[in-house]
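Asker: In the order they appear, the protein sequences are chains A and B.
Letter 155 of the first sequence, counting from 1, is numbered 155 in the working numbering, and no numbers are missing.
Residues are numbered in the working numbering as their position in the second sequence, beginning at 1, plus a constant of 1000.
Note that these hints are calculated values from the structure, not bench results.
Check each hint, because a few of them may be wrong.
Said to hold, decoys possible - One-sided excerpt, in silico: chain B residues whose CB lies under 10 Å from chain A:
id, residue
1, P1119
2, I1133
3, C1146
Stated by the list, open to error - Here are the simulated distance ranges between beta carbons:
id, chain 1, residue 1, chain 2, residue 2, range
4, A, T195, B, K1159, 35 to 43 Å
5, B, S1171, A, L32, 36 to 44 Å
6, B, R1112, A, K146, 18 to 26 Å
7, B, K1159, A, D49, 53 to 61 Å
8, B, D1068, A, K146, 16 to 24 Å
Backbone N, C-alpha and C fix where the C-beta goes; we use that ideal spot for every residue, glycine too.
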Amino acid sequence: MKEDEFGRIFDHGCDEECQYASQFGWRFKGNLYGKPYSEFFSSLSDYADWRTGIAALPESQVYSAFLLIAKNQGLDPNKTVQIMSQYYAMVYSVWIPGLADQSLNPASAKADGGWSDPLTNLHAGAGSYYFGFVFDAGHLVDSIVKSDGSEDPINAHIDGAGPLNPFHYLLQLPSMIIPPSPSQQASCSINGGCTF
Amino acid sequence: MYILELIDVSPRSATSKVATENTRPALKSPAWLVVFVVVLAATTISLPCIASDQAETTLTVRVIDNKDGKALKGVSLGLVTWDEKGQHFLLSAITDAEGAAIFHLSIPIPERIGITYSPNEVWACSDIAFPTIPILKSGIVAQYKCNDRRRLKWTAPPKAGELVVFAKRVSLWERMRRELP
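Please construct the entire structure, taking both the sequences and the accompanying hints into account.
Answerer: Put into structure tokens, the structure is as follows:
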């Protein structure tokens, strides 16, 4: 009998079924969406199920969007900040109310691999940066004070279907007729992930 | 909640005694009276402190449509407070049919509060930070910042504990345009 680091007990006196089991497994140890994981999987399928399950969690999606703002604003990686998020049009929008400076940093956005939205007039003049093209493209939208004086904060979301993906226009835009869900708060840090 | 316990401190007994013939004379002694008065005074004085630690103050934020002065219903609203280290904290609520979102502020009352809206729902047409005490004492009607002021009909005076702010809904077309690169 032997116990591994995950607490699993191996009995090397193999039973009848054991002879057909693979002697290999998959081990994951590291951070996903800011949170540490240490898991063992007996098959790649098990790993894929687990991995996609984590990616689909609301806190993971909120974290990805939070990360766009946090990196752009140069937030302390270890500092936990309270954010607001809202599910609307198939994505989680995130904004950080307590930020002293709500303006997007273009140099930082470019350095992180973002490309500038060419048609800012469609955003009422607010510049925005995409981080990706077809799948899971981050979209960071600058704060804006419109000509009539109304304003919105810097915000971000992850488009599952990016701007060069037809489903962005066939699915995501039409889904905007469904009203937004109530916004909710969460605590996020770059190194610690997000918690509702 | 607290427990006031009577204990026997004499060296002969380590157990508590219910008032008996033996304990009654001790209670009449000046030392016991002094202890009793001190304990009573301490608990009486500490009661309001304990109560105030657990107390909270209600603050209402009323969101008014910039076009017609009517209440904006169903708007997600966040209320931001800051501590002395600059760390911010959030409370969230949704406006009711009167456009009011009610927040419970814990004691000590923060010096200032901030208002945050979802960028998917409304454009802010007022300032987004306010001093707390004037709101609680007499109420504040926020200054209207959007240019179409002539269309606004809002003459109601402020109420104590209420902050009136102005906003306008983000249209579906505006939301769709944001997603076009």
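Asker: For every hint, state whether the structure bears it out.
Answerer: Against the structure, the hints come out as follows:
Given hint, B:P1119 at the interface with chain A, holds; its Cβ is 4 Å from that chain's nearest Cβ, closer than 10 Å. The restraint placing B:I1133 at the interface with chain A is violated, with a minimum CB-CB distance near 20 Å, outside the 10 Å limit. Interface restraint check for B:C1146: the shortest CB-CB distance to chain A comes to about 4 Å, inside 10 Å, so the restraint holds. The hinted window of 35 to 43 Å between A:T195 and B:K1159 holds, with their beta carbons roughly 36 Å apart.
For B:S1171 paired with A:L32, a C-beta distance near 37 Å keeps the hint of 36 to 44 Å intact. Distance hint check: the CB atoms of B:R1112 and A:K146 are about 25 Å apart, consistent with the given range 18 to 26 Å. Checking the proposed 53 to 61 Å range against B:K1159 and A:D49 shows it holds: the Cβ atoms sit about 55 Å from each other. Between B:D1068 and A:K146 the Cβ separation comes to about 19 Å, which falls inside the hinted range of 16 to 24 Å.
Of the numbered hints given earlier, the model fails hint 2 alone.
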